[in-house]
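What follows is each chain in one-letter form.
There are 2 protein chains.
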Amino acid sequence: MSLLIVGTVAFDELITPFGESGKILGGSATYGSLSASNFMDEIRIVSVVGEDFPQEHLDLFAQKGINTQGVEQVKGGKTFFWKGKYHNDMNTRDTLDTQLNVLADFDPVIPEAFRDTEYLMLGNLTPAVQLKVLEQMNQRPKLVALDTMNFWMDVALDELKVVLKQVDVLTINDEEARQLSGEYSLVKAAQKIFTMGPEYLIIKKGEHGALLFHGSEVFFAPALPLEEVFDPTGAGDTFAGGFMGHLAHSQDISFENMKRAVIYGSAMASFCVERFGTDQIKNVDRKQVHERVMDFIDLTRLDMQLSK
Amino acid sequence: MSLLIVGTVAFDELITPFGESGKILGGSATYGSLSASNFMDEIRIVSVVGEDFPQEHLDLFAQKGINTQGVEQVKGGKTFFWKGKYHNDMNTRDTLDTQLNVLADFDPVIPEAFRDTEYLMLGNLTPAVQLKVLEQMNQRPKLVALDTMNFWMDVALDELKVVLKQVDVLTINDEEARQLSGEYSLVKAAQKIFTMGPEYLIIKKGEHGALLFHGSEVFFAPALPLEEVFDPTGAGDTFAGGFMGHLAHSQDISFENMKRAVIYGSAMASFCVERFGTDQIKNVDRKQVHERVMDFIDLTRLDMQLSK
Numbered sequence: 005m006s007l008l009i010v011g012t013v014a015f016d017e018l019i020t021p022f023g024e025s026g027k028i029l030g031g032s033a034t035y036g037s038l039s040a041s042n043f044m045d046e047i048r049i050v051s052v053v054g055e056d057f058p059q060e061h062l063d064l065f066a067q068k069g070i071n072t073q074g075v076e077q078v079k080g081g082k083t084f085f086w087k088g089k090y091h092n093d094m095n096t097r098d099t100l101d102t103q104l105n106v107l108a109d110f111d112p113v114i115p116e117a118f119r120d121t122e123y124l125m126l127g128n129l130t131p132a133v134q135l136k137v138l139e140q141m142n143q144r145p146k147l148v149a150l151d152t153m154n155f156w157m158d159v160a161l162d163e164l165k166v167v168l169k170q171v172d173v174l175t176i177n178d179e180e181a182r183q184l185s186g187e188y189s190l191v192k193a194a195q196k197i198f199t200m201g202p203e204y205l206i207i208k209k210g211e212h213g214a215l216l217f218h219g220s221e222v223f224f225a226p227a228l229p230l231e232e233v234f235d236p237t238g239a240g241d242t243f244a245g246g247f248m249g250h251l252a253h254s255q256d257i258s259f260e261n262m263k264r265a266v267i268y269g270s271a272m273a274s275f276c277v278e279r280f281g282t283d284q285i286k287n288v289d290r291k292q293v294h295e296r297v298m299d300f301i302d303l304t305r306l307d308m309q310l311s312k
Numbered sequence: 005m006s007l008l009i010v011g012t013v014a015f016d017e018l019i020t021p022f023g024e025s026g027k028i029l030g031g032s033a034t035y036g037s038l039s040a041s042n043f044m045d046e047i048r049i050v051s052v053v054g055e056d057f058p059q060e061h062l063d064l065f066a067q068k069g070i071n072t073q074g075v076e077q078v079k080g081g082k083t084f085f086w087k088g089k090y091h092n093d094m095n096t097r098d099t100l101d102t103q104l105n106v107l108a109d110f111d112p113v114i115p116e117a118f119r120d121t122e123y124l125m126l127g128n129l130t131p132a133v134q135l136k137v138l139e140q141m142n143q144r145p146k147l148v149a150l151d152t153m154n155f156w157m158d159v160a161l162d163e164l165k166v167v168l169k170q171v172d173v174l175t176i177n178d179e180e181a182r183q184l185s186g187e188y189s190l191v192k193a194a195q196k197i198f199t200m201g202p203e204y205l206i207i208k209k210g211e212h213g214a215l216l217f218h219g220s221e222v223f224f225a226p227a228l229p230l231e232e233v234f235d236p237t238g239a240g241d242t243f244a245g246g247f248m249g250h251l252a253h254s255q256d257i258s259f260e261n262m263k264r265a266v267i268y269g270s271a272m273a274s275f276c277v278e279r280f281g282t283d284q285i286k287n288v289d290r291k292q293v294h295e296r297v298m299d300f301i302d303l304t305r306l307d308m309q310l311s312k
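Each protein sequence line maps, in turn, to chains A and B. Mapped onto this note's numbering, the consecutive letters of the first sequence carry residue numbers 5 to 312. Mapped onto this note's numbering, the consecutive letters of the second sequence carry residue numbers 5 to 312.
There's no promise every hint is true.
Any copy will do: because identical chains look the same in the list, a pair fits if it lies in one copy or spans two.
Calculated pairs, EDC-like style, for lysine to aspartate or glutamate (alpha carbon to alpha carbon, straight line, at most 16 Å) [claimed, not checked]:
{"hint": "1", "residue 1": "K192", "residue 2": "D93"}
{"hint": "2", "residue 1": "K291", "residue 2": "D93"}
{"hint": "3", "residue 1": "K209", "residue 2": "D178"}
{"hint": "4", "residue 1": "K82", "residue 2": "D299"}
{"hint": "5", "residue 1": "K263", "residue 2": "D307"}
{"hint": "6", "residue 1": "K87", "residue 2": "D45"}
{"hint": "7", "residue 1": "K192", "residue 2": "D101"}
{"hint": "8", "residue 1": "K196", "residue 2": "E231"}
Bear in mind the hints are in silico, worked out from the structure with no lab data behind them.
Just chain A, same shape as in the assembly (with noise of 0.2 Å):
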């Protein structure tokens, strides 16, 4: 078993109702990685940063079994830095500041020893340099997930639909699945999505929960209401690295499987919440996400005396 995971490792600054975080580690790839670490003994990373990324952060990922080689350090350059604030329903945020720095020209080389991972996660990338990862694995992976965003479908949705092609499973919110469809009905738009390349489509609802579509079935995980959401970043990255995580480690691509892995996904996304940045998804360990996926499975646990 083998995931590769392809995103960002950047830094962010946070500004909730319930305080500022600083400038903390972020970036999808970051996410990702450590949500998997639960499942898995190694994580195969490949991203960008400056010379400004700090040893301490390289040494978290070493600690977790992630594995570093794919990460560009550019001499001289600055790490990829987002600035955003939630609002009051911390559903809704404002970018307050975006310095792309050396993710502007991101160029992603895998590592010969990459190239033959069974399991690749393509984190939100322009689809350029989604496509550019494919193109160096030696063989197609077992499974490629994709996420990818409503920006991406407005400025670059030809590049976008040659990457679908190649993509067994995308994740998408409800409002960017009704944009790449032109369908308002979530069946309707998996159905068309699915004419575009993937097999499986995810529709991540981040508090209301989680669609999984695979041919005409349906599988619905809830989210689990939680008594503090502190800070929604970097949730949807989180839930893909459980999903992804749970799936390289069982080696189990069955629909079956994959509704298990959307429960993992989810219940790593629950911790990710509760604390600013990678606060929880860092500490967390096997025992609690046990406990925390009961939670989910009790959380629609039903005995149906159906009446006449």
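Go by the hints and put chain B onto chain A.
This is chain B only, laid out in the frame that chain A set:
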């Protein structure tokens, strides 16, 4: 077993992206009682209509076992009318016309034969009217459920709080739960609302499902992803009717049975939105309800083999 629903019987005119309904039968007591009629042989309603209310609608109620003895028909009066237009996303709508007509002076009189009803559903009305209903009951019903909305929290919060003290089950949406409690977290909102009277809180989230809170327990019912969402009008009242209909029929108000009731309510609501107005819920039969409930069960069915 007996169920009384107090609410509006009205005319609606709906404009959706899929067409216009013309002037059709609507109102919370209408949707609620038609929905409940799938679970019980007699439902009592209390409402008010004008002289313009046609016999064919009264015949429909009679045919479904809905006792309209408590529906006052005001000579020379006109029936409550609402006209609305749904936006493309079907989640938001504009009110184009509201004519309260006979509803403006609605002073509910509960027929003597209804005053011992065990299950009482108070549809969304002014809190003062809801209170008048409770005062006329011979004894406290076995279960009182109440629906309300943000408007009454804005203009009649003190009266609403008086009614809430006598209510067992409150059904509102997530934003209303946040407004009523002053808490963003729905878990905390539920705990606060429990101190106001209700022992059960149902948070209706439309296409995102429903949450049932009781003490420290929580149950999540998904919404079924549908191919066609044609008209969301009345979905909440249809949910409440199915919920109360199942409880009153089964004579069991345990938390476990309330979970089942939430699924029955959700199933009925899923039928409601597939057609204009009451077109679908007045024609559905128990076999179809049974099959739809199985679809809900399948949606979250999961054989969890926990990984270590």
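Verification of the hints:
For the identical chains of this complex, K192 and D93 are inter-copy neighbours only, at 14 Å across copies versus 30 Å inside a copy, given an alpha-carbon limit of 16 Å. For the identical chains of this complex, K291 and D93 are neighbours neither inside a copy (31 Å) nor across copies (41 Å), given an alpha-carbon limit of 16 Å. Proximity of K209 to D178 under the C-alpha cut-off of 16 Å is found in both arrangements, the shortest distances being 6 Å within a copy and 15 Å between copies. With identical chains, the CA atoms of K82 and D299 are never at most 16 Å apart, being 41 Å at best within one copy and 52 Å at best between copies.
Taking the shortest alpha-carbon separations for K263 and D307, only the inter-copy value of 9 Å comes in at or below 16 Å, while the best intra-copy value is 20 Å. When the C-alpha separation of K87 and D45 is checked against a cutoff of 16 Å, the pair qualifies neither within a copy, at 32 Å, nor between copies, at 60 Å. For the homomeric pair K192 and D101, neither the shortest alpha-carbon distance inside one copy (37 Å) nor that between copies (33 Å) is at most 16 Å. Taking identical chains as interchangeable, the C-alpha atoms of K196 and E231 lie at most 16 Å apart only when they sit on different chains, with a minimum of 12 Å there against 37 Å within one chain.
Going down the numbered hints, you'll see the structure goes against 2, 4, 6, 7, while the others check out.
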